[in-house]
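Protein chains: 4
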Amino acid sequence: MIEMKRLDLDDARVLIEAAAAKAGDIEVPMCIAVADESGNLITFDRMDGAKISSISIAIDKAFTAAAARNRTEFYNQLCVPGEPTFGIHSTNDGRFSVIGGGVPVVFDDVVVGGVGVSAGTAEQDVVCAEAAVSHFYATSGAAAPGDG
Amino acid sequence: MIEMKRLDLDDARVLIEAAAAKAGDIEVPMCIAVADESGNLITFDRMDGAKISSISIAIDKAFTAAAARNRTEFYNQLCVPGEPTFGIHSTNDGRFSVIGGGVPVVFDDVVVGGVGVSAGTAEQDVVCAEAAVSHFYATSGAAAPGDG
Amino acid sequence: MIEMKRLDLDDARVLIEAAAAKAGDIEVPMCIAVADESGNLITFDRMDGAKISSISIAIDKAFTAAAARNRTEFYNQLCVPGEPTFGIHSTNDGRFSVIGGGVPVVFDDVVVGGVGVSAGTAEQDVVCAEAAVSHFYATSGAAAPGDG
Amino acid sequence: MIEMKRLDLDDARVLIEAAAAKAGDIEVPMCIAVADESGNLITFDRMDGAKISSISIAIDKAFTAAAARNRTEFYNQLCVPGEPTFGIHSTNDGRFSVIGGGVPVVFDDVVVGGVGVSAGTAEQDVVCAEAAVSHFYATSGAAAPGDG
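Residue numbers (our numbering), protein chains in the order written: chain B, 1 to 148; chain H, 1 to 148; chain G, 1 to 148; chain P, 1 to 148.
Treat the hints with care, as some may be off.
[As the list claims (entries may be wrong)] The calculated PhoX-like cross-link candidates involving lysine-lysine, where the alpha carbons are at most 25 Å apart (straight line), are: (1) G:Lys5 with P:Lys5; (2) H:Lys51 with B:Lys5; (3) P:Lys5 with H:Lys5.
I should point out that these hints are in silico values taken from the structure, not numbers from a laboratory.
Next up, chain B with everything else stripped away, as it sits in the complex:
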């Protein structure tokens, strides 16, 4: 039997609120999603004014970060024609996101979920997703990945 850890709803709301705070700072209303370690949605907020087309993109980024256990922009550079991983963006019914803004959430060296942010540029989306996980690591007592 496998024992696992997964974000709970309170954890996930902390991540949403932290991403939204950063989105407020940079003045870009965002769609923000948090998925569990299986990629299934825990919580989602569309900030007032965020783009309709970003609803599913944010959810897809959270799915990808959690289920593939990598930041979505990791796949951006792999998903280039001629490279071995090209085409991964159209897998999983098109839900595999290779656009920055999806970041895994790690606890005790294990991926326990993912955050996905969309509606700005890819760079703005990344900034907000990173702010979310940084805040989570700072407040949850979890060590950030790579901490000594």
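Position chains H, G and P relative to chain B; hints supplied.
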């Protein structure tokens, strides 16, 4: 040009919290979604322990309540084999829900969004969705539909 | 080689306008679609106030009426559990409509297209679709099906 | 509660007619779609002779221009392998168009809908979509985006 009203995120979170409070009372962890008047998702919470299969059902109920401007159980009795509306459950890419638990949110006699709840029995889902809109009408200053 | 006839855009707009006029008479804003003999969309109008969930239903009814060459309510009574045709509503990626409101357009005894109407009750949808084809037969010089 | 504006059907038909007039000038029969600010279809015309494969492309361009609030060709240059936004073309169930011919419609500095044109080259599609919005700005009293 058409002028319209739509729930904002604060409104939608009030609805989520009220549905979750009722779900806590009846001890059934729920998936709860709120859509805008066009059926697009504004916010979503999966309470700890709620069923994975209810994620999309809750979102679909919120979509249907808002976009079709009726409670989802209204279609349940119309969508019976031999009745004229049978088959509506497989329209809109299967997103048209005819299972109780989707309730429109009305403001100034206009549908401004929808709440969808899933994970319990249809009856339990309805109770939580109704609790959400009742609380919203009581606290937002909006008149409930049919109020004199 | 097969020679065929198909509604042109002017024909299709006549059908839309006639359906919309009847929808105005009965005071139900409708989604109205016209498809060609292959089921592909020629033209579509969502009247101000018509339901969002009816957009795809109207298009599906026009598709079905043209491509299956029958009124959609013809299938309503056939699509009953235990009857040989049950299940047809979920074919064609769920686009096969068995809800009244889709009516074929016939010219020289051949189906040249279909009208689909949605947003009211099935009965209201049928009334508007019938008004469209009746007006078309009266003004286009085409004999209505069954005319002596 | 959010207050919003959205194109009505009369506005949308003005856009269709203007795009069709330009398509007539350049002698390329087009599929032309107009979506509301949420990306949902308001009206659609397939001009006689326009390609069947362009039906859904025009609808997708209108969706994208409205829902993502940018011209579709804006994404064309961003959606290049190795660039951060590559992959956006397969999001939203493949409905996110990165091919020129989708143009947002702006009113009082807010996106109130989108026009999508398809069946010619991307350049021809853009010319017709631009003609539509230019005519709309000239006749509706709306200031074009960027007007002083």
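What's the verdict on P:Lys5 and H:Lys5, does the C-alpha distance respect the 25 Å limit or exceed it? Roughly 9 Å between the alpha carbons, so the hint for P:Lys5 and H:Lys5 holds.
Take a quick look at whether G:Lys5 and P:Lys5 sit within 25 Å of each other, Cα to Cα. Roughly 41 Å separates the two Cα atoms, so the pair is violated.
Sort out whether B:Lys5 lies within 25 Å of H:Lys51, counting only the CA atoms. The given pair, whose Cα atoms are some 17 Å apart, holds under the 25 Å limit.
Of the numbered hints stated above, the single one contradicted by the structure is hint 1.
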